[in-house]
Amino acid sequence: MHRPGLKIRFWTQAAATIGSNAYLAGLKTGSLYTGVLKHACVPTLNCYSCPAALFSCPIGAMQVTVAGAGGLDLTALHTIGARLTAISTSFPLLVIGFLALVGGLVGRAACGWVCPFGWFQELLHRIPSRKFVGPQILKYLKYLILLVFVFILPAFWLDEFDGGEPSFCKYLCPAGTLEGGIPLAWLQPALRSQLGWLFTWKMSLLALLLVASVFFKRPFCRWGCPLGAFYGPFNRVSVYKVSFDKAGCIECGACSRKCPVSLDVPREIDNAECLRCLECRDACPKHLISINRQARAFNSLTHDHGIKP
Amino acid sequence: MNDQIAQKSGQTSKTTIFVLLVALAMIIIGFRNGEHRSYFQKAVMVCTQCIGLG
Ligand code: SF4
Ligand code: SF4
Ligand code: SF4
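Each protein sequence line maps, in turn, to chains R and H.
With this note's numbering, the residue at position 32 of the first sequence is 32, and numbering never jumps.
With this note's numbering, the residue at position 10 of the second sequence is 10, and numbering never jumps.
Don't read these hints as lab results, they were simulated from the structure.
Hints are not guaranteed to be accurate.
Okay, derived cross-link-like pairs now, BS3-like style, lysine-lysine, Cα gap no bigger than 30 Å in a straight line [to be verified]:
1. R:LYS258 / R:LYS131
2. R:LYS139 / H:LYS14
3. R:LYS246 / H:LYS14
Residues of chain R clear of chain H, computed beta-carbon distances all greater than 12 Å [stated by the list, open to error]:
4. PHE215
5. ARG257
6. SER262
7. GLU279
Quick reminder that beta carbons are idealized off the backbone N, C-alpha and C, glycines included.
Using the sequences and the hints, build the whole thing.
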């Protein structure tokens, strides 16, 4: 039986996308919002170089804080001690604390409910085509990306100006290309003439990912996103959890077909990949999936509103 | 069995509270260190790395 109340997730995703990117003047002029809200991060991947963005991106903010130590110049041996001290004191406490608070409360639910880039991949997956699950082993890639591109390279690598650099933003982030690179290149002709191999590389990555999203469910969230990797372990300890009554399961597969990250729900529900989106609860004909006691207030919000996209 | 589950969820709650308290402490220390100012500087200018300029 379908519970239409759950369609509130679609509208939550739409509202979060618009709410965090509501600087309309930026979309007209190609300038960025410079107000006080940018001191705060959203709990999801949302590029602060998007001309419409009102808030900062936590993955960008983490890298900037780590790179603030200035990298490590191995050719200047006399500076190594001071640089290592700077690196050790440039740990992004504020952003990590904020993300840990969100993760501790709701686990990976921010991914399932309010991330614009996650939502965009879901929308692309609605395009009719053959669908694939993809290799499960790739899920470990995102942990490597978090470690190497968000922490190690920004801390130790020197850019061409002898400073630290936000390596994930620079070489990999598809959200930055989609939300920052494309609109700014469009709105600022002066920028267009300066684009080179890096832009071509990032556009190719983005194109690959967008095409992959049609065939695979949320490929970037499952395999590449460092923020998804950060949140994943919090699913084990968060206040809000999803529970499953295994004994009554008739293995009909209805839940797994609806899962936006291709989980085998009866066996993998609530693991580090689960987005706490409740699509499986909505689909289960036996009503075996529920949310835990602490999250009942949330349950009442999402249960019976009858809103459809 | 129910006892086991109750015990486990009790343990989970303690871990959860610990995680939330550490998170709050990190937020307070990070805020006092002025971390938000450093990424604010970056966020209000076009980030050449984000957009693929280098
Ligand atoms: S490029 Fe990506 S990680 Fe960097 S600030 Fe933009 S969205 Fe965030
Ligand atoms: S894993 Fe997906 S939904 Fe979560 S922050 Fe990354 S892009 Fe957004
Ligand atoms: S297991 Fe259920 S709650 Fe978790 S991501 Fe899949 S559908 Fe959503």
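To see whether the hints hold, each was checked on the structure:
1. R:LYS258 / R:LYS131: Holds: LYS258 of chain R and LYS131 of chain R sit about 13 Å apart, inside 30 Å.
2. R:LYS139 / H:LYS14: 29 Å, holds
3. R:LYS246 / H:LYS14: 26 Å, holds
4. PHE215: 25 Å, holds
5. ARG257: With a cut-off of 12 Å, ARG257 of chain R remains clear of chain H, as the shortest Cβ separation is near 29 Å.
6. SER262: SER262 of chain R is indeed farther than 12 Å from all Cβ atoms of chain H, at 27 Å.
7. GLU279: 24 Å, holds
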